[in-house]
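These are the residues of each chain, in order.
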Amino acid sequence: MLRSILSDDLPRSRWLALALVAILVGLAVAPFLFPGAKSLNVAAKICVFIVLAASFDLLLGYTGIVSFAHTMFFGIGAYGVAISLTRMGAGWDAVAVGTVAGLLLAIVLATVIGLFSLRVRTIFFAMITLAVASAFAILASQLSDLTGGEDGLNYRLPAALRASFSFGDTLFGVRLNGRLLDYYLVYTASLALILVLLRIVNSPFGSVLMAIRENPFRAEAIGYRTVVYRTIASCIAAATAALAGALLALWSSQTNPDTTLSFDIMVDILLMVVIGGMGTMYGAVIGAVLLVFAQNYLQDLLAVANKALLGVPLLANLFHPDRWLLWLGVAFILCVYFFPAGIVGRLRQKR
Amino acid sequence: MKRDWLPLLLIPALMIGALPLIGSPASWVTLTVAGLAMGLMIFIMASGLTLTFGLMDVLNFGHGAFIAVGAFVAASVMLALAPWMTADSIWLNLAAIGPAVLAAMVVSGVLGLGFERVIVRPVYGQHLKQILVTTGGLIVAEQLLKVIWGPDQITLSRPTALRGAFLFGDIAIEKYRVLAVVVGLVVFAALALTLNRTRLGLLIRAGVENGEMVEALGYRIRRLFVGVFVVGSALAGLGGAMWGLYQETVTAAIGAQVAVLVFIVIIIGGLGSVGGCFVGALLVGLTANYIGFLAPKVALGSNILLMALVLLWRPQGLYPVAKR
Amino acid sequence: MAEPLLSLRGVQTHIGHYHILHGVEFDVAEGGLTMLLGRNGAGKTTTLRTIMGMWRAAAGEIRFDGRDITNMPTPDIARLGIAYVPESMAIFADLTVQENLVLAARSGPMDQKRLDWIFGRFEALKRFWMLPAGLLSGGQKQMLAVARAIIEPRRLLLIDEPTKGLAPAIIANMIDAFRELKDGESTLLVVEQNFAFARQLGDSVAVMDDGRVAHQGGMAAFAADSALQQHLLGLGMDTHQ
Numbered sequence: 001m002l003r004s005i006l007s008d009d010l011p012r013s014r015w016l017a018l019a020l021v022a023i024l025v026g027l028a029v030a031p032f033l034f035p036g037a038k039s040l041n042v043a044a045k046i047c048v049f050i051v052l053a054a055s056f057d058l059l060l061g062y063t064g065i066v067s068f069a070h071t072m073f074f075g076i077g078a079y080g081v082a083i084s085l086t087r088m089g090a091g092w093d094a095v096a097v098g099t100v101a102g103l104l105l106a107i108v109l110a111t112v113i114g115l116f117s118l119r120v121r122t123i124f125f126a127m128i129t130l131a132v133a134s135a136f137a138i139l140a141s142q143l144s145d146l147t148g149g150e151d152g153l154n155y156r157l158p159a160a161l162r163a164s165f166s167f168g169d170t171l172f173g174v175r176l177n178g179r180l181l182d183y184y185l186v187y188t189a190s191l192a193l194i195l196v197l198l199r200i201v202n203s204p205f206g207s208v209l210m211a212i213r214e215n216p217f218r219a220e221a222i223g224y225r226t227v228v229y230r231t232i233a234s235c236i237a238a239a240t241a242a243l244a245g246a247l248l249a250l251w252s253s254q255t256n257p258d259t260t261l262s263f264d265i266m267v268d269i270l271l272m273v274v275i276g277g278m279g280t281m282y283g284a285v286i287g288a289v290l291l292v293f294a295q296n297y298l299q300d301l302l303a304v305a306n307k308a309l310l311g312v313p314l315l316a317n318l319f320h321p322d323r324w325l326l327w328l329g330v331a332f333i334l335c336v337y338f339f340p341a342g343i344v345g346r347l348r349q350k351r
Numbered sequence: 001m002k003r004d005w006l007p008l009l010l011i012p013a014l015m016i017g018a019l020p021l022i023g024s025p026a027s028w029v030t031l032t033v034a035g036l037a038m039g040l041m042i043f044i045m046a047s048g049l050t051l052t053f054g055l056m057d058v059l060n061f062g063h064g065a066f067i068a069v070g071a072f073v074a075a076s077v078m079l080a081l082a083p084w085m086t087a088d089s090i091w092l093n094l095a096a097i098g099p100a101v102l103a104a105m106v107v108s109g110v111l112g113l114g115f116e117r118v119i120v121r122p123v124y125g126q127h128l129k130q131i132l133v134t135t136g137g138l139i140v141a142e143q144l145l146k147v148i149w150g151p152d153q154i155t156l157s158r159p160t161a162l163r164g165a166f167l168f169g170d171i172a173i174e175k176y177r178v179l180a181v182v183v184g185l186v187v188f189a190a191l192a193l194t195l196n197r198t199r200l201g202l203l204i205r206a207g208v209e210n211g212e213m214v215e216a217l218g219y220r221i222r223r224l225f226v227g228v229f230v231v232g233s234a235l236a237g238l239g240g241a242m243w244g245l246y247q248e249t250v251t252a253a254i255g256a257q258v259a260v261l262v263f264i265v266i267i268i269g270g271l272g273s274v275g276g277c278f279v280g281a282l283l284v285g286l287t288a289n290y291i292g293f294l295a296p297k298v299a300l301g302s303n304i305l306l307m308a309l310v311l312l313w314r315p316q317g318l319y320p321v322a323k324r
Numbered sequence: 001m002a003e004p005l006l007s008l009r010g011v012q013t014h015i016g017h018y019h020i021l022h023g024v025e026f027d028v029a030e031g032g033l034t035m036l037l038g039r040n041g042a043g044k045t046t047t048l049r050t051i052m053g054m055w056r057a058a059a060g061e062i063r064f065d066g067r068d069i070t071n072m073p074t075p076d077i078a079r080l081g082i083a084y085v086p087e088s089m090a091i092f093a094d095l096t097v098q099e100n101l102v103l104a105a106r107s108g109p110m111d112q113k114r115l116d117w118i119f120g121r122f123e124a125l126k127r128f129w130m131l132p133a134g135l136l137s138g139g140q141k142q143m144l145a146v147a148r149a150i151i152e153p154r155r156l157l158l159i160d161e162p163t164k165g166l167a168p169a170i171i172a173n174m175i176d177a178f179r180e181l182k183d184g185e186s187t188l189l190v191v192e193q194n195f196a197f198a199r200q201l202g203d204s205v206a207v208m209d210d211g212r213v214a215h216q217g218g219m220a221a222f223a224a225d226s227a228l229q230q231h232l233l234g235l236g237m238d239t240h241q
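Protein chains in written order, with full-length UniProt numbering: chain U, 1 to 351; chain G, 1 to 324; chain Z, 1 to 241.
Chain U on its own, in the form it takes in the complex:
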């Protein structure tokens, strides 16, 4: 049963299994275990980023292509829902229209970019996607009539997802309101998407992708059209990223370039996948949890170090709370050199 849900891709490490169960259960009971707006927000972000990172891993880890345009698809999904909720009013029909429109646009764009540049080399694709993504981010902030420009869009969620909606009194002291419903919507959808991705990478299609990653010439010689496979993979990744974006828009009732399209988010996803472990899917889960935690709580830790070093000029700055990315960047480089399979790879070796 469990085997088939996980598509036969078991954690293969006791510690990894433990961590995954902890994440699964932790996120499931988060609203009750850590009540409060901030922690619920962190939990929802973790869910969304797990999906986003996992979809990126499909590209980076399983297909061996580097795209810097992944946040673009994330943004398309988020803006799809945000724009339709702004324009059509706070109904489920708007959510459906926005999600579908975002999905379609993401898939079309991914196909165009893929067919255009995936036949050439990894480096070329990375450069093109970087350029396209930065142009798209600028475009989104310029078309302020549609997207609200730099400030983004603030909109009302469907009634059932608002804090004012109540479907009961309290449970274990937690109010049963629309936010709780919203959280479980995000949680369930994320879990479903992860399981779908697991199924994809463990299917024959996934094996072909990995064969192409290992040796594209050989795969082509055996008769696989590598461009087609790579393009399909990047479409699936783009579609999943768009769905993650839609979930984020549904959660946060505001969508702006900084939270969906910026290069910073792209860097975050890269860090998640590489530190967690490329080509393992579970790595994306671990990486996303780690990074979102770091973003929200590593600062506190650094603040302590910073205080201790206050007086020492440069050293204190190195441990400034805002410099958490510095340390994750160093970890990232070390991972690429020494642990290409990231945390998950290490855990599996130790078995």
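Calculated from the structure, these hints are not laboratory results. Treat each hint with caution, since some may be false.
[What the hints assert, rightly or not] Cut-off 20 Å, straight-line C-alpha distance, at most; resulting in silico cross-link-like pairs (EDC-like, lysine to aspartate or glutamate):
no.	chain 1	residue 1	chain 2	residue 2
1	G	Lys-146	U	Asp-300
2	G	Lys-129	U	Glu-214
3	G	Lys-297	U	Asp-258
4	U	Lys-38	U	Asp-322
Let chain U serve as the given structure and place chains G and Z on it in line with the hints.
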């Protein structure tokens, strides 16, 4: 493989084509000079990147770090020499800018040496890792800049002699842009002379075409590559310093922002080709300024359009480099 | 017996997942011309590239002039006095004929007497001196590739299929040039498919088969033994081309 003039003709074609759209000749001159200045600054930053790619198949996604470092170092020196910057003498102004630019180039170059050793060398020939690790290098470098110079942007004003514009009737040409054009042309001429007239240049050109054969002739291409990498980093630092003065602000994100333009330029030019990089940079600079005037909303997106058009015409860029 | 100029012992080379050389052993004596023959895919080009350090030898030893050069960096091997003309010629297409040769003359300005001698053999190079090498015809490119290897004296020349696709008149010039070289300063190791050419020029012969040297000896004896030729090279080798 005859001298291929067609891409070169694109530049005057673009200039002439833009004239009727813009209407006013005065604005056109201003925009053209602005476009050339911007293009040449990008060329300075991009030339080293395209050469290192040609020589060793290495594309440094962290190239923007050198641009940013150059901008910060130059800003620091100029702020320290503030009295000379604000003096009413062009010689004192230049006495401030000179050391600033020199320091920017030296620091970026030295950084390049370290970057090549620590970040790039372990991942030769592995493109995926190369992209990841150099991007990681950019992340770390950007954070270190914030550690050293603080997280806030630095405001920089141009020295007295370079403020304002030359006026010819109703045509206004900003003085700083003229300087940028001059420096850009000097760098281009120096590179072109080195590549075409010296033995070192011969080696680089041959190495871009077929590094393995250059080794079989008895030359150590690794050393050559390190040299080009360092010079390219120093030039990025020079470009960064100039860009900082051009924008009159310096932030840690400057590198990543400009790097996008740099990538577009070397894709357009043909990876590995300095001549193509030159043409591509001018096209990008001019297009950005013309479109910025005609349709400001889509100005920066116009570069992508330009890139797409060029690649539809020549999928390997304007001047594809003959490879083994 | 004097030590051979070049000797290979048990050389094994892998390219990617493929095991190409399975213990190549042969010697090249100083002076004269050794022909390296064999069917397509026997491992001749891989052998030359392994000597040059362009492929890594996974096992075995390559000695040149009494020194172990196994897996030395390619530039260092070249600097010991070995020149290489690859089958692809690998001329620098964007550089002029002159620039190609300037680059090949490592130790300084080109020697005019030597240049005149090269021009005498390969007249086209003089004619197209300032032309980008990419514009030369196939045969002219081959001349340039050979000229690049001999623009300065080198002790050992490794030449991969110099006659491939050449007109007979050019082949005759090539033969003359190689003769002068082997009688003078250089030792040559030439990979060849054209047995007629090989027989005219070779002093000794090494024949490869499936990643090993199956036969080594004098050219005269090998040329006389048609059964051996047929066994190692297959039918119709001497009518090839």
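Looking back at the hints listed earlier, which ones does the structure fail to meet? Per hint list: zero violations.
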